[in-house]
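Given chain A's structure and the hints, the job is docking chain B onto it.
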Amino acid sequence: MLLGLATAGLAMVLGLTYAPSMSATTWNAPETYRIIFWHVPAAWTSFIAFGMLFTGSLAWFWKRAEWGWTLSGIAAELSLLYGLCVVISGPIWGAAEWGVPWDWTDVRLNTFGLLSALALFLVLARRSQPDTPEFRDVFAGVGLFGFLLVPLTYMATRWWQERHPGPVIGGGDNSGVDSTVLAIWLLAFAGMVAMMIGQAMVSAQVQKCERRLAELQNRMD
Amino acid sequence: MSELVYLAAAYAAMIGLIGWFTWQLLDRLSDVKARLDAVESTLNENEQE
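Chain order of the listed sequences is A and B.
Quick note on the numbering used here: the first sequence kicks off at 1292 and runs consecutively.
Quick note on the numbering used here: the second sequence kicks off at 0 and runs consecutively.
Honestly, I wouldn't trust all of these hints.
What the hints assert, rightly or not - Restraint-style ranges between C-beta atoms, simulated for each label pair: (1) M1511/A with I14/B: 40 to 50 Å; (2) T1317/A with I14/B: 24 to 34 Å; (3) A11/B with L1294/A: 17 to 27 Å; (4) P1424/A with L25/B: 30 to 40 Å; (5) R1355/A with S1/B: 25 to 35 Å.
Said to hold, decoys possible - Listing some non-contacts, in silico: residues in chain A with all C-beta distances to chain B over 12 Å: (6) T1316; (7) W1335; (8) W1358; (9) T1361; (10) S1380; (11) E1388; (12) R1427; (13) F1436.
It should be emphasised that the hints constitute simulated quantities derived from the structure, not laboratory data.
Glycine residues also receive a C-beta, built at the ideal position from the N, C-alpha and C atoms.
Looking at chain A on its own, in the form it has when it is part of the complex (with noise of 0.2 Å):
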């Protein structure tokens, strides 16, 4: 996790300082675009903890794995956690450059903002809902359904271009990114992963201990 803090901080620091500045005649908040060096890995890695969670709701739904079941609670915690660093980040910038934070007719904007509402249901029904096997069905029917926002996400900006900006990777002939711009990301990606395995790992650990101390109550009850 520390090593992850690390190196997702050194990428905020390059952002800052070492990454190219923006032209102030084509942008309107030409320095407030840094933003985006944390605002796109942390979408990056929410969209790896939304695969999580599609993975545990699956195998729950799919095989009863305890294991899925597991791995689903830890997942949409940390969806929940990277898709807010999105959309808090993003309204930021979206007030800088547009002047207004949030367009409701954008659907990259609100596919995402769907996503995370989602990851706030599951979150808060989890701890709010009794643990039963009809429970479980249907928090698994809502990770593995929700998780189709995640490829209408990722598409959006590529058939319905509003106000959110195109796609800079694989977006055809008018796409591109610059080489230092691109080497911040990735490193920044590879911080926010490597927190998100450690957090993960925690996360399991604590559920473990849960799950022992539930058993050992029983016992003794």
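Just chain B now, kept in the frame of chain A:
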């Protein structure tokens, strides 16, 4: 508002979120470990008696 204020607000929010989440995760771990140790030691005492 200055561009730097937006930039600082965004990074402060992201660092704060990640820091708070990690802190509460570690806090949950130490809490559940302490409760587990207490229950295990009670069980051991009961078995010895």
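> Which hint numbers doesn't this structure obey?
Replying inline: 5, 10 and 11
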